[in-house]
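Chemist: Now for the letters of each chain:
Number of protein chains: 2
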Amino acid sequence: MNELTEIGEFGLIDLIKQDTIHDHGTVVVGIGDDAAVLLPTPRQLQLLTTDMLVESIHFDLTMTTPWQLGYKAIAVNLSDIAAMGGTPRHAVISVALPATTPTEFIINLYQGMKEICREHSVNIVGGDTVSSPQGLVINVTVAGEVEPANLVKRSGAKTGDIIAVTGVLGNSAAGLDLLSVGEWEEYDFAWPLVTAHLTPRPQVKAGTILAAAGATSMDDLSDGLASESHEIAEASNVGIRLYAAQIPLSAELKQAAEKLDKQALDYALYGGEDFQLLFTMEPSNYEMLLADHPDLQLVRIGEIVETSQGVTLVDEEGGVQILEAKGYNHFR
Amino acid sequence: MNELTEIGEFGLIDLIKQDTIHDHGTVVVGIGDDAAVLLPTPRQLQLLTTDMLVESIHFDLTMTTPWQLGYKAIAVNLSDIAAMGGTPRHAVISVALPATTPTEFIINLYQGMKEICREHSVNIVGGDTVSSPQGLVINVTVAGEVEPANLVKRSGAKTGDIIAVTGVLGNSAAGLDLLSVGEWEEYDFAWPLVTAHLTPRPQVKAGTILAAAGATSMDDLSDGLASESHEIAEASNVGIRLYAAQIPLSAELKQAAEKLDKQALDYALYGGEDFQLLFTMEPSNYEMLLADHPDLQLVRIGEIVETSQGVTLVDEEGGVQILEAKGYNHFR
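Residue numbers (the UniProt record's numbering), protein chains in the order written: chain A, 1 to 332; chain B, 1 to 332.
Just so you know, the hints here were simulated from the structure itself, not pulled from any lab data.
Hints may be right or wrong, so weigh each one.
Note that identical chains are pooled: a pair holds if it fits in a single copy or bridges any two copies.
[Said to hold, decoys possible] Distance condition first, Cα-Cα at most 20 Å in a straight line; then the derived SDA-like pairs of lysine to any residue: (1) Lys326 with Gly32; (2) Lys262 with Thr26; (3) Lys17 with Leu260; (4) Lys254 with Leu61; (5) Lys17 with Ser155; (6) Lys17 with Glu104; (7) Lys326 with Gln309; (8) Lys326 with Asp14; (9) Lys254 with Val305; (10) Lys17 with Ala235; (11) Lys262 with Leu249; (12) Lys326 with Ser131; (13) Lys254 with Leu179.
In isolation and in its complexed conformation, chain A is listed as follows:
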């Protein structure tokens, strides 16, 4: 099998260049010049987000295929654009590769990236390929756009708003635990959890619908529900009351938690990388949204309260506990 040292940087760029442009009308110059040249949509705001994934910190090549890793490296950035109510448009990708990386590994890595970019009509318009003395590093930057009226920040939550999520929580963190323990393949419940961890689906379409429906604040659940609730509470200067009984947990998560001798709810609260959206909205708007979009898997999990009430969790017996900001820490 060819190794990277044989094909070099230019050979690699030729491999990467194929099938990178899905929305030709917005790309004046793609890969191959000093910078990409892009045509913005008039009267939209520009969004910019970046994420770095480091081998043995953020991923383990014994647990993920290169295709899955490529898919996820893009997904985490699309999720950030979704959380602003925006639409992702263009990606630039930097990869530091050990010199012994097989060419096939690189092709599969980019295939995963290209697949999710195709799903979301995101163009890959540039990047940097460099060598790494040890370990793979991937950095993706995604540029997106949002209508000024649809921009949703973290800071707009108001007392009386509902707080809701776009789907089940905790699957990804439980999937990571299953991958770490190993021998998960024999359990049917494990597959959706492992899949949620390895190839998360960013809620881009839901994000634009929520924004248009009047979401007052929004965040993606990259760091877990507890941590992200605190982000919204702090940015919006409000308190948040969550109800444990309403937090959506999958049947598979419950089975896995039992197997792993863990609490399913803890995965939802303190696990991370679910990439569902957490949002707040006036109750009347939320009712209209539910009526208009039965296709979305929205679940109301609590409400916005006065700042002085802090961020709390009401347990199934009605007891109230303070919810700590601890959660998944990207800075491990």
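Fit chain B to the given chain A structure using the hints.
Modeler: Chain B only, in chain A's frame:
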């Protein structure tokens, strides 16, 4: 001294956030939400470029201060924007840091980044800080803008155009050699060369002037004159004839080359990271440009010829040799 493990990701973000916005009118949301939100200039094209620097591949912490490294990590991206005729606007910065990195190192790294961003009114609007199991990795993405009429690609050079550069070449590569050999501090000639290597000055202002003056193609000299000449020749489907006697070499470079037992011209041709601009232009436009901008250090080094003539170098005795595309390889 505090280490990174003590202050954590959020402490680090607080350190980084200060003094990041220089052009307040264009930033709706900077560091701190899921994505940056930016106000584009109407009727301009958007530019996007990214570069990754990996410790022990692209830099050696025994040869550079963290301040210089931060400065350079931004500079290389601004140079790419300059080479399109554009103006850099916003940067997002990812850094993977070993857990034992002293806080002071990180502060100095960002001070260097902030200094060059201040010089060019570039806003730092986001980023990602993660831990690294080994070695520092920095990825910078810069978004810029260009008037459609001023966009300069690599592909527009025409037979009969002159080809010119914005300043002396080879200083950076000679500076790197001096740093590698060591004990350069005693030589007066070494300082400008080492400085050219460690804190290169991107030619942003020159780039916009050249674009407005009608540059037909442009490239920054990140990989050396030979390699970049081939880039323009290939993209534009032309030949290029360069004159060795006209390539601008500094007196310091000549002294260093003698000391290092190397050819000064080789540094200009095959060294890299000068970050001067290489451009082509109709002769009449070039004459006007020279008259209008005596402040620029422009030097004509050759002309564009038919494709069939290839890329050649005319030596000081009038002999013609084929110029190979070899040069500085970022993919080391």
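Chemist: Starting from the hint list further up, note which numbers the structure goes against and sort them upward.
Modeler: 2, 3, 4, 9
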